[in-house]
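S.K.: Chain by chain, the residues run as shown.
2 protein chains.
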Amino acid sequence: MAWQRVVMKTVVMTETATAPLSIAIALFDRVTMLDAIGPYSVLAGLPHSEITFLAEQPGPVMDSNGRMAVVAHAAYSEMVDPDVIVIPGGVITVPMSREKTHPIIDWIRHVHPGTVRTTSVCTGSQLLGAAGVLNGVPATSHWYVRDTLSEFGAIPTDERVVQQGKIITAAGVSSGIDMALQLVADLQTDEVAQAIQLNIEYDPDPPFNSGHPRCAPPAITEMVSAGFAGALERSGDQAS
Amino acid sequence: MAWQRVVMKTVVMTETATAPLSIAIALFDRVTMLDAIGPYSVLAGLPHSEITFLAEQPGPVMDSNGRMAVVAHAAYSEMVDPDVIVIPGGVITVPMSREKTHPIIDWIRHVHPGTVRTTSVCTGSQLLGAAGVLNGVPATSHWYVRDTLSEFGAIPTDERVVQQGKIITAAGVSSGIDMALQLVADLQTDEVAQAIQLNIEYDPDPPFNSGHPRCAPPAITEMVSAGFAGALERSGDQAS
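These protein sequence lines are chains A and B, in that order. Quick note on numbering: this note's numbering labels position 167 of the first sequence as 167, and the sequence is numbered without any gaps. Quick note on numbering: this note's numbering labels position 197 of the second sequence as 197, and the sequence is numbered without any gaps.
Calculated from the structure, these hints are not laboratory results. Every value quoted in this text rests on a predicted model; they were computed, and no experiment measured them. Among the clues, some could well be false.
Each computed DMTMM-like pair below joins lysine to aspartate or glutamate, with the alpha-carbon atoms no more than 25 Å apart [stated by the list, open to error]:
{"hint": "1", "chain 1": "B", "residue 1": "166", "chain 2": "A", "residue 2": "205"}
{"hint": "2", "chain 1": "B", "residue 1": "166", "chain 2": "B", "residue 2": "147"}
{"hint": "3", "chain 1": "B", "residue 1": "166", "chain 2": "B", "residue 2": "190"}
{"hint": "4", "chain 1": "A", "residue 1": "100", "chain 2": "A", "residue 2": "233"}
{"hint": "5", "chain 1": "A", "residue 1": "166", "chain 2": "B", "residue 2": "205"}
{"hint": "6", "chain 1": "A", "residue 1": "100", "chain 2": "A", "residue 2": "56"}
Whole structure, please, built from the sequences with the hints as guidance.
M.R.: Dropping the structure here:
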């Protein structure tokens with residue numbers, strides 16, 4: 001039909017006229033993988049974009065549980081001007097952002113001025129903080145370490161997704177899905193975000209109401225806090 | 001302190017007394033990766049368990065977008081008696097379950113009688129159906145293909161997580177997180193599931209209400225349906 005041909009021609013012309021939106025998801029050893037894969041699963045539905053997984057070097061990157069590896073396409077240093085960066089977290093980011101020697105921190109500092117959006121999930125915001133991009137910026141993180149963002153000059157904010165200008169930080173782990181849907185609506189349209197949400201059937205229905213200290217049973221919050229404290233202590237030992 | 005030593009000793013004795021719960025997540029070329037990684041991210045928090053990623057052969061397995069690969073630890077054939085199996089989906093499962101030649105189908109048929117729980121996410125239930133384990137069983141899938149489960153003798157059920165005895169099927173993509181939390185509560189305790197939910201801060205807050213045809217704008221449902229139909233057609237071409 002004639003109108004279909006017209007629409008297709010318009011789309012093709014638009015797509016050849018501009019480069020695809022380049023999205024870099026930056027992995028590192030002991031990353032919490034859902035922080036990266038939640039946003040990936042949403043952003044992969046974004047028309048006219050290309051996603052690249054980065055790491056210190058190309059190849060498999062092991063996660064925080066030591067049971068899952070995702071293959072990075074390229075080294076951080078190979079991608080100098082991504083449009084969007086997604087920085088996932090993991091307990092290991094806490095010693096990483098204290099020591100400031102990991103190359104991801106220099107890379108964030110280097111590419112951030114040129115991005116369209118700089119985003120993080122969970123304790124990925126610790127790495128943004130260590131790179132110096134959160135000074136004076138309202139930001140969030142995993143609830144257990146959120147307040148420590150003030151050490152980087154950030155303004156800790158207890159919301160699931162916090163956007164200030166081009167910087168978007170998300171809360172713990174699973175919040176990356178919500179963040180990425182907001183990012184899609186922000187960069188393209190509400191309709192594209194709604195279509196992606198329907199495609200991944202994101203109609204959440206957790207069997208418990210225990211996803212935030214606000215609603216979790218206090219004994220559960222105490223137990224998870226103790227577990228987090230122990231993991232932090234061990235990760236510090238490993239990194240030093 | 002003395003009580004700490006006692007607790008630790010008890011834990012060690014329990015753990016040496018029984019083998020860990022073995023969980024197999026079975027990947028295949030063109031899998032929808034969040035179907036696998038959602039449950040992984042929950043089940044990795046299950047005490048005294050071990051997760052293994054399987055595929056036709058060990059090594060990287062590419063996802064449905066062709067932009068992400070997860071490394072499989074072993075071949076299906078190497079794991080003959082997993083306690084829990086997780087079968088993710090992807091558009092490709094539709095031709096796979098029609099043709100019934102993919103080795104994952106034989107593997108499911110072979111291991112299912114010995115599992116404690118047999119689970120699927122999204123169109124992974126098509127593979128369970130092709131393996132003959134859904135006959136007379138209420139089950140779900142991604143909303144777009146849910147009703148076709150009747151071709152395998154299943155009873156299509158429009159719920160996010162459907163459990164019948166030891167078989168648990170979940171709806172599209174992101175529903176694997178809800179399914180896995182229910183599975184943890186089912187295998188261990190509500191408290192363990194609540195702790196994992198709090199740890200991954202699963203306090204969902206999508207920016208739109210568009211995760212199911214029941215609530216999505218009709219034009220969005222129409223658009224996603226058309227996209228799914230096209231992808232199905234292409235996947236059939238690729239598989240044949």
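S.K.: Give a verdict on every hint.
M.R.: Right, here's what the structure says about each hint:
no., hint, in the structure
1, B:166 <-> A:205, "21 Å, holds"
2, B:166 <-> B:147, "21 Å, holds"
3, B:166 <-> B:190, "18 Å, holds"
4, A:100 <-> A:233, "18 Å, holds"
5, A:166 <-> B:205, "21 Å, holds"
6, A:100 <-> A:56, "15 Å, holds"
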